[in-house]
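Student: Single-letter residue listing:
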Amino acid sequence: MEEEQGPMAAEPTMVRFYLMGKPHQVPTGLTIQKAMEYAGYRLLRGCGCRGGFCGACGTVYRIGGDYRLKVGLACQTVVEDQMYLAQIPFFPAVKATYKVEDLPPTAETLISLYPEILRCVGCNTCRKVCPQEIEVMRYVAAAQRGDIARVADLSFDCLMCGLCASRCPAEIVQYHVAILARRLYSRHIAKPAAHLAQCVAAIDRGECADLDAMAAADPAKLKGLYNVRDIEPEDLEAAGQE
Amino acid sequence: MRLPYFPGCTLHSKAKGFDASARAGAQALDIVMEELPEWTCCGATFPMAADSAMGLVAPTRILASAKAAGKLLTLCSFCYNTLKRTNRVIATDAERRRKVTTFIEEDYQGNVQTVHLLEVLRDDIGFEAVAGRVVKPLHGLKVAPYYGCLLLRPADEMGFDDPERPTILENFLKSLGCTVVDYPHKTECCGSFVAVSSPEVAQGCSARILEAAVKHGAEMLVVSCPLCQYNLDRAQRQVQAGGGPATRVPVLYFSQLLALALGCDEACLHLEGHAVDPRPRLSKWLGQTSQATALV
Numbered sequence: 279m280e281e282e283q284g285p286m287a288a289e290p291t292m293v294r295f296y297l298m299g300k301p302h303q304v305p306t307g308l309t310i311q312k313a314m315e316y317a318g319y320r321l322l323r324g325c326g327c328r329g330g331f332c333g334a335c336g337t338v339y340r341i342g343g344d345y346r347l348k349v350g351l352a353c354q355t356v357v358e359d360q361m362y363l364a365q366i367p368f369f370p371a372v373k374a375t376y377k378v379e380d381l382p383p384t385a386e387t388l389i390s391l392y393p394e395i396l397r398c399v400g401c402n403t404c405r406k407v408c409p410q411e412i413e414v415m416r417y418v419a420a421a422q423r424g425d426i427a428r429v430a431d432l433s434f435d436c437l438m439c440g441l442c443a444s445r446c447p448a449e450i451v452q453y454h455v456a457i458l459a460r461r462l463y464s465r466h467i468a469k470p471a472a473h474l475a476q477c478v479a480a481i482d483r484g485e486c487a488d489l490d491a492m493a494a495a496d497p498a499k500l501k502g503l504y505n506v507r508d509i510e511p512e513d514l515e516a517a518g519q520e
Numbered sequence: 191m192r193l194p195y196f197p198g199c200t201l202h203s204k205a206k207g208f209d210a211s212a213r214a215g216a217q218a219l220d221i222v223m224e225e226l227p228e229w230t231c232c233g234a235t236f237p238m239a240a241d242s243a244m245g246l247v248a249p250t251r252i253l254a255s256a257k258a259a260g261k262l263l264t265l266c267s268f269c270y271n272t273l274k275r276t277n278r279v280i281a282t283d284a285e286r287r288r289k290v291t292t293f294i295e296e297d298y299q300g301n302v303q304t305v306h307l308l309e310v311l312r313d314d315i316g317f318e319a320v321a322g323r324v325v326k327p328l329h330g331l332k333v334a335p336y337y338g339c340l341l342l343r344p345a346d347e348m349g350f351d352d353p354e355r356p357t358i359l360e361n362f363l364k365s366l367g368c369t370v371v372d373y374p375h376k377t378e379c380c381g382s383f384v385a386v387s388s389p390e391v392a393q394g395c396s397a398r399i400l401e402a403a404v405k406h407g408a409e410m411l412v413v414s415c416p417l418c419q420y421n422l423d424r425a426q427r428q429v430q431a432g433g434g435p436a437t438r439v440p441v442l443y444f445s446q447l448l449a450l451a452l453g454c455d456e457a458c459l460h461l462e463g464h465a466v467d468p469r470p471r472l473s474k475w476l477g478q479t480s481q482a483t484a485l486v
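For the protein sequence lines, the chains are A and B, in the order given. Residue numbering for the first sequence follows this note's numbering, beginning at 279 and increasing consecutively. Residue numbering for the second sequence follows this note's numbering, beginning at 191 and increasing consecutively.
Worth flagging that the hints you see were computed from the coordinates, not collected in a lab. These figures come from a predicted structure and were not determined experimentally. One should not assume that every hint holds.
[Unchecked claim] Listed next, the in silico EDC-like pairs over lysine to aspartate or glutamate satisfying Cα-Cα at most 20 Å (straight line):
no.	chain 1	residue 1	chain 2	residue 2
1	B	K376	B	D352
2	B	K204	B	D467
3	A	K406	B	E295
4	B	K204	A	D425
5	A	K348	B	E295
6	A	K312	A	E289
7	A	K406	A	D435
8	B	K474	B	E462
9	B	K376	B	E409
10	A	K300	A	E358
11	A	K406	B	D297
12	B	K206	A	D425
13	A	K406	B	E296
14	A	K406	B	E228
[To be verified] Calculated Cβ distances over 12 Å to all of chain A for the following chain B residues:
no.	residue
15	A218
16	D220
17	R286
18	L328
19	K364
20	S388
21	R424
22	V439
23	G453
24	R469
25	W475
Even glycine gets a Cβ: it sits at the ideal position worked out from N, Cα and C.
Could you build all of it, start to finish, from the sequences and the hints given here?
Tutor: Here it is as structure tokens:
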């Protein structure tokens, strides 16, 4: 956001937002979470990692005068003027218990544990409220037809904040279906990484030159190494050959 | 010819042979079926309540995704029925069109014609041209066409063929060299999804159809619907348990015979997994591998 220029530039511009209907004035540029703290709230639960990863601070809001519902993570979304907020730190959800090693990676598995996925009417509301912009309806469709790999792929960035389930007219708990699919995928479909076994064997033999170098490196160098790392060397090779 | 293609959920799961054989058969006739990049379940049943728009949402979104081509090819009778009837609502009912299209945020006026592969073969390729491409004529194979309900009815909305005396499957089978078996009950209901709540009722419906077809000399039935295939084929699995029909007649998708007659790779046929194995009767036209598998 651009800083306002002029004689008042030194004074922070204030915005008015509403929490559970009560107005609060806070300086611009704060995240919703920091705005709540600025307004005097102490966050004990539902504030999570504060880094945009844990999904504990799902927030639904409207901007005054606009009928559209908007969503964001309170730790990531910057507070705006005329924002009417509702925090959704928790949403009730059914969760199946299972031993993933005993389950075949099929449509029947998903449907027997979460039969409500067949109630999807394709309204796409889940997609519209996903703060991660995941194609939720698409992966529910893939789940219905047993395309486990596609569910796993489409849902990969899910934080399990629960906003999709909060708005689903078919009462589906999408993110629990998705994590089941990702578990089935990693357990039964993805091939084991051969290089992992090789690396472990090398470490067992005491060949730890790479680790020693990393242990000696300064944080800046470590960050550099992290950013250029091979995530799945074999997969990258395979992708290169295609 | 390139056509956007909506497979529907069952053709990606329980009816892979329908999908694979249709794609291969179409390709042999220079039709490229281009699967929509993204699609959901069509809803499987056309919503009958005139004051509810919920059931129109998914099929309208699917139709809108094919609006650039103006045509959408499908195979399953349920999908075909649902898409075609939904499109009629969108094209003719301005109020429901406005409600549904503003909800899904798509500018869609109902311009997409839902077409069935059988219609493409009849109207765009022509059955004579299909006959000209046949490399393994299925001479001597006595096949009973089975239409079921959803391809034909309601007739004024579907406009697929004569609802009482349809001929499209008959003409299709003749183009492959088959002997067509005429019999009553070819447009009767197989039991449909009553198979879930009252399997014995559905089994009775299927038994009447199967017995009539066999009595008139059928060695095989062809269908265009995964649920008809399931009901007719599975009903015959119950024989040992008692109560089922006293027939052992294979039930195939029409596309499986198409791909076979056009000489497509047999892997696309998925002849395994039928309750009544069609491979013994088709052995004359199958390669060594399929026959060996059939014997095991």
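Student: Of all the hints numbered above, which does this structure not satisfy? Sort the numbers upward.
Tutor: Going through the list in order, the structure violates no hint and respects every one.
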